[in-house]
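Student: The first sequence maps to residues 8 to 202 in my numbering.
To be clear, the hints were calculated from the coordinates, so they are not data collected in a lab.
Where a beta carbon is used, it is the ideal one built from N, C-alpha and C, also for glycine.
It is possible that part of the hints are untrue.
[Claimed, not checked] Simulated restraints on C-beta separations:
hint, residue 1, residue 2, range
1, Thr-70, Ala-11, 35 to 45 Å
2, Ile-12, Arg-153, 15 to 25 Å
3, Gly-191, Thr-70, 36 to 46 Å
4, Asp-118, Lys-179, 16 to 26 Å
5, Pro-61, Arg-31, 14 to 24 Å
6, Arg-87, Thr-178, 15 to 25 Å
7, Pro-79, Leu-131, 20 to 30 Å
8, Glu-182, Asp-118, 37 to 47 Å
9, Arg-130, Tyr-89, 21 to 31 Å
10, Arg-153, His-28, 14 to 24 Å
11, Pro-200, Pro-15, 34 to 44 Å
12, Ile-121, Gly-164, 21 to 31 Å
13, Ile-175, Arg-72, 14 to 24 Å
14, Asp-128, Ile-91, 16 to 26 Å
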Amino acid sequence: MNDAISRPETLRRQAELFAMHSSRAAPALIGWTLTFDGVGGRIVETEAYDHEDPASHSFSGPTARNAVMFGPAGAIYVYRSYGIHWCMNLVCAGPASAVLIRAIEPTEGLDAMIARRGLEDPRLLCSGPGKLCQAMGVTHAQNGARIDRPPFDLVPGPPAQVAVGPRIGITKAVEAPWRFGEKGSRFVSRPFPNA
DNA sequence: CTATTGATGTTCT
DNA sequence: GAACATCAATAGA
8 MNDAISRPET
18 LRRQAELFAM
28 HSSRAAPALI
38 GWTLTFDGVG
48 GRIVETEAYD
58 HEDPASHSFS
68 GPTARNAVMF
78 GPAGAIYVYR
88 SYGIHWCMNL
98 VCAGPASAVL
108 IRAIEPTEGL
118 DAMIARRGLE
128 DPRLLCSGPG
138 KLCQAMGVTH
148 AQNGARIDRP
158 PFDLVPGPPA
168 QVAVGPRIGI
178 TKAVEAPWRF
188 GEKGSRFVSR
198 PFPNA
């Protein structure tokens, strides 16, 4: 028999996920499969942000850049990082909360990712928020797009063991334990202390 | 394996 | 003008 989850069931699980605050949706997303135009893989690392969080783009209220974060859940918020890279978030139940996708384990469309990244090592293809957007071909053109409709796809996976730690690359609220990853995964951007 | 540093350009003060 | 949800290259242990 086919053990794949049906489309209606997937949409139900997605709706359930987006109804959560990002701090609960972020760990719940570990193990889901995310693709764009058939290219992507298993989510193995995420971070949560919200409007009460000094490290969040949404902390100081709506602006042109962060407008998508203040919109409906299920949207994709893409921003430019350090003038060079793109990073993608999934908007969750608000206000203005989102999950940063920090690393995936490449499983679909390996050839396209290798071509875009100019690398072959699967561990280096998507082990960081900027890397995975480059590998998947996600740019500002996808800002505001829906995660629950083509060309995006987001499918639940079997339950994963989740490690927790402080977020990476921020200078405010550095201690908040809002970084999540799959225990033991070799595809995360940096190791978790107790995994 | 960890630590450090320069590159890059948009956003916000 | 400063800060920035990063990356790749490099040096060292």
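Student: Indicate, hint by hint, whether the structure satisfies it.
Tutor: Each hint tested on the structure:
1. Thr-70 to Ala-11: 35 to 45 Å: With Cβ atoms ~41 Å apart, the hint holds.
2. Ile-12 to Arg-153: 15 to 25 Å: 19 Å, holds
3. Gly-191 to Thr-70: 36 to 46 Å: Cβ of Gly-191 to Cβ of Thr-70: about 39 Å, so the range 36 to 46 Å holds.
4. Asp-118 to Lys-179: 16 to 26 Å: 40 Å, violated
5. Pro-61 to Arg-31: 14 to 24 Å: At 20 Å between Cβs, range holds.
6. Arg-87 to Thr-178: 15 to 25 Å: With Cβ atoms ~18 Å apart, the hint holds.
7. Pro-79 to Leu-131: 20 to 30 Å: Cβ of Pro-79 to Cβ of Leu-131: about 35 Å, so the range 20 to 30 Å is violated.
8. Glu-182 to Asp-118: 37 to 47 Å: 41 Å, holds
9. Arg-130 to Tyr-89: 21 to 31 Å: 22 Å Cβ-Cβ, so the 21 to 31 Å window holds.
10. Arg-153 to His-28: 14 to 24 Å: 20 Å, holds
11. Pro-200 to Pro-15: 34 to 44 Å: 40 Å, holds
12. Ile-121 to Gly-164: 21 to 31 Å: For Gly-164 against Ile-121, whose Cβ atoms are near 23 Å apart, the range 21 to 31 Å holds.
13. Ile-175 to Arg-72: 14 to 24 Å: 20 Å, holds
14. Asp-128 to Ile-91: 16 to 26 Å: 21 Å, holds
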